[in-house]
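Q: With the hints as constraints, model all of the structure from the sequences given.
Top to bottom, those sequences are chains X and E. Here this note's numbering is used: the first residue of the first sequence is 1, the next is one more, and so on. Here this note's numbering is used: the first residue of the second sequence is 1, the next is one more, and so on.
Just so you know, the hints here were simulated from the structure itself, not pulled from any lab data. All values reported here derive from a predicted model rather than from experimental measurement. The reader is advised that the hints may include incorrect statements.
Identical copies look the same in the list; a pair holds intra-copy or inter-copy alike.
Restricting the straight-line Cα-Cα distance to at most 20 Å, the calculated cross-link-like pairs of lysine-lysine (PhoX-like) are [claimed, not checked]:
hint, residue 1, residue 2
1, 146, 263
2, 322, 159
3, 263, 329
4, 119, 31
5, 330, 75
6, 140, 322
7, 322, 146
8, 263, 140
9, 195, 140
10, 100, 159
11, 59, 100
12, 54, 247
13, 332, 119
14, 140, 31
15, 146, 332
There are 2 protein chains.
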Amino acid sequence: MNLPFPITSPTLLIDEQICRANLKRMADKAKRNGLRLVPHFKTPQSIQIGEWVKDYGVKEITVSSLKMAAYFAEKGWEKIHIAFPFNPLEIPSLHELAKKQPLSIQLVNEETTLMLVEKLEYPISFFIEIDAGYGRTGVKVSDFGKIEAMLRLANSSDKLRFRGFYIHAGHSYHAAVEGLRVIHEQNKAALQMLKDKYRTEFPELITRTGDTPTCSMFDEFGDIDEIGPGNFMFYDLTQARIGSCRKKDIAIALAVPVVDIQKERGEILVHGGGVHLSKDVLIGPDGGRCYGEVVHLAEKGWEIAGDPSFLKSISQEHGIIKANDELMKKVKVGDVLGILPIHSCMTADCMGEYFDLSGNSLDHLKGRYFQY
Amino acid sequence: MNLPFPITSPTLLIDEQICRANLKRMADKAKRNGLRLVPHFKTPQSIQIGEWVKDYGVKEITVSSLKMAAYFAEKGWEKIHIAFPFNPLEIPSLHELAKKQPLSIQLVNEETTLMLVEKLEYPISFFIEIDAGYGRTGVKVSDFGKIEAMLRLANSSDKLRFRGFYIHAGHSYHAAVEGLRVIHEQNKAALQMLKDKYRTEFPELITRTGDTPTCSMFDEFGDIDEIGPGNFMFYDLTQARIGSCRKKDIAIALAVPVVDIQKERGEILVHGGGVHLSKDVLIGPDGGRCYGEVVHLAEKGWEIAGDPSFLKSISQEHGIIKANDELMKKVKVGDVLGILPIHSCMTADCMGEYFDLSGNSLDHLKGRYFQY
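A: Here it is in structure tokens:
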């Protein structure tokens, strides 16, 4: 076993080459289609990885909270978009940030729009979020009454500027390929209809869509102006199952030490559990649970096994691998294995720090003040 | 709505009074039974909450990683026990820590025991972990060959001192009351048998058991010497369902801002998702998923509703509450609601910081270096 650098405890590895290849592929696709790529940084949550992103012509980024926007403020981004229904309790914090950095936010109702009209001290632009049809968040695409009430309110303020419509098809994470195609066509049609309807009044309005599966799998985006996927920077086993990526496109792996081996059960106990990977899980066709897939760490990263072994259960710090015969034969207590995550955004959020393959630490918003 | 202090974004609240009542109840039970309480700090992971714990006569604590042990080292604890099968790659880090602070570790195999015999530079005591029967970790209770091989190896070192046997019945989290009683009786019998068998050779050996359900629900511990539960300090909805606690014994709640209301669906969108609560879930008798229960925040903490509303789904930052009529009638965008967690250890780990009801910040191992 040749590790890329000495590893003694659960450590989140990032392969810069894979991450950059994912960025390049998406940036090239955006370019071919005349789309602007505004990647969602809820996945990496990292200023240093942001520097890689700049190499692909990206000028604006998306984040999922004001706290995350503050983390990236004044780091050389032309604009930061906060893709979460704006929380009116954060108007004072928004002011602090809007003083320093151009921002845009997302609105879904008249109540919050009105509070902004009454209280905004600095110019802010906004998208109206449209419900992609799965009922998590957003205005119904046919609710013109609500859309126009929000636009009228915004027009009464000299601080609020309408940018356009945003749609995030989060249900694409649970769809099969044919379902994905339907979702993609619905998104395109919805955004086209809204643009046609409102572009006389707002000639500069833009439309944006955001999920990794449709952005990864399709090549035709109609009249959409911008895409804002995030997960594609790292991908994960969920995306590989959907078909958004190949397993070899997954850019992060959790290195976990082997602490015990149960030969008769074919199981390996590792230090790696819910506080490292999160509790996200994939259910197999046979009902079996998978919390991650074992990869072999090597000097230049990791190697995917032809016949992979899986993490079959996790608790707070423990993980149990159901190992195939080949792995059982060679594994020893004190080895370090790699785990491809089920949900890379959550794993990165749990770990709060990355290490590249040379052992350099890369920041994450949730980085710990306590280092040991 | 009278919040205990101004809250504008997802915030983890702790009710010190409830936490202290939980500590007192467990400490009193330990005293009545002649048990030593060695609480597991994987739940609070907090030096400041540790100061409360000292008021109940606790001298030694349990942690789940070397990193966590380092966080608590030299904070006035007589000894710190690391209740995780020891990872031999961490022997150098163990030395760093063992220089400063008495420690004990947990062993489950000969391989790691041998590596310690060969490399230990400072005295360390150890428990042998016994598999409670659910196959996560530990030596089988009847595997005397392995137990004795480990003891022989340890005897050959002047640094390794055998303390006794540790059993953690993690499967009690999934058991009903009658199953719990069986588990408790099995644990008692297993530890009694091991003590009887080895006490001639090791007259000072002690036995310890650790899970919150059996420690909370039973009052008779036979010949067991020590208990090491952790979750009982906070409890959560999982423990309330098992019967370990009442809902009003739950000591933490996540405060979440209301950002949108879908009247026709009876749903409330809040800023509070997997990065705040973790993805732990309870499945209802009807198959419905529950990611947390809504409580009403008030000046002196929170109030549990008679007819509660639930978080029915979460994604990375979003939570959707299925609200009852009463809540729907009074809720407004810009309100803040409380959420009782499914798994308090994981929620605290996600949040990395607590606020008491006066708005004072309390530390957590995973605290962020970046404050906004």
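Q: Each of the hints needs a verdict: does it hold here or not?
A: Structure-based check of all given hints:
1. In the homo-oligomer, the alpha carbons of residue 146 and residue 263 lie at most 20 Å apart only across protomers (14 Å), although the nearest pairing inside one protomer, at 63 Å, exceeds that limit.
2. Neither within a single protomer nor between protomers do residue 322 and residue 159 lie at most 20 Å apart by alpha-carbon distance, with minima of 57 Å and 35 Å respectively.
3. When the C-alpha separation of residue 263 and residue 329 is checked against a cutoff of 20 Å, the pair qualifies only within one copy, where the shortest distance is 9 Å, while the shortest distance between copies is 59 Å.
4. Taking the shortest alpha-carbon separations for residue 119 and residue 31, neither the intra-copy value of 39 Å nor the inter-copy value of 58 Å comes in at or below 20 Å.
5. Within a single copy, residue 330 and residue 75 get their C-alpha atoms no closer than 46 Å, and across copies no closer than 42 Å, so neither meets the 20 Å cut-off.
6. Proximity of residue 140 to residue 322 under the C-alpha cut-off of 20 Å is restricted to the inter-copy arrangement: shortest distance 19 Å between copies versus 45 Å within a copy.
7. Taking the shortest alpha-carbon separations for residue 322 and residue 146, neither the intra-copy value of 52 Å nor the inter-copy value of 22 Å comes in at or below 20 Å.
8. Proximity of residue 263 and residue 140 under a CA criterion of 20 Å is satisfied inter-copy only: 13 Å between copies versus 56 Å inside one chain copy.
9. In this assembly of identical chains, residue 195 and residue 140 lie within 20 Å of each other by CA distance solely inside one copy; the values are 15 Å within and 67 Å between copies.
10. In this assembly of identical chains, residue 100 and residue 159 lie within 20 Å of each other by CA distance solely inside one copy; the values are 15 Å within and 58 Å between copies.
11. For a Cα distance limit of 20 Å, the shortest separation of residue 59 from residue 100 inside one copy, 17 Å, qualifies, whereas the shortest one across copies, 50 Å, does not.
12. In this assembly of identical chains, the alpha carbons of residue 54 and residue 247 never lie at most 20 Å apart, being 25 Å within a copy and 49 Å across copies at closest.
13. In this assembly of identical chains, the alpha carbons of residue 332 and residue 119 lie at most 20 Å apart only when taken from different copies (18 Å versus 62 Å within one copy).
14. Taking the shortest alpha-carbon separations for residue 140 and residue 31, neither the intra-copy value of 30 Å nor the inter-copy value of 60 Å comes in at or below 20 Å.
15. In this homomeric assembly, residue 146 and residue 332 come within 20 Å of each other (Cα to Cα) only across copies, at 17 Å, whereas the closest approach inside a single copy is 62 Å.
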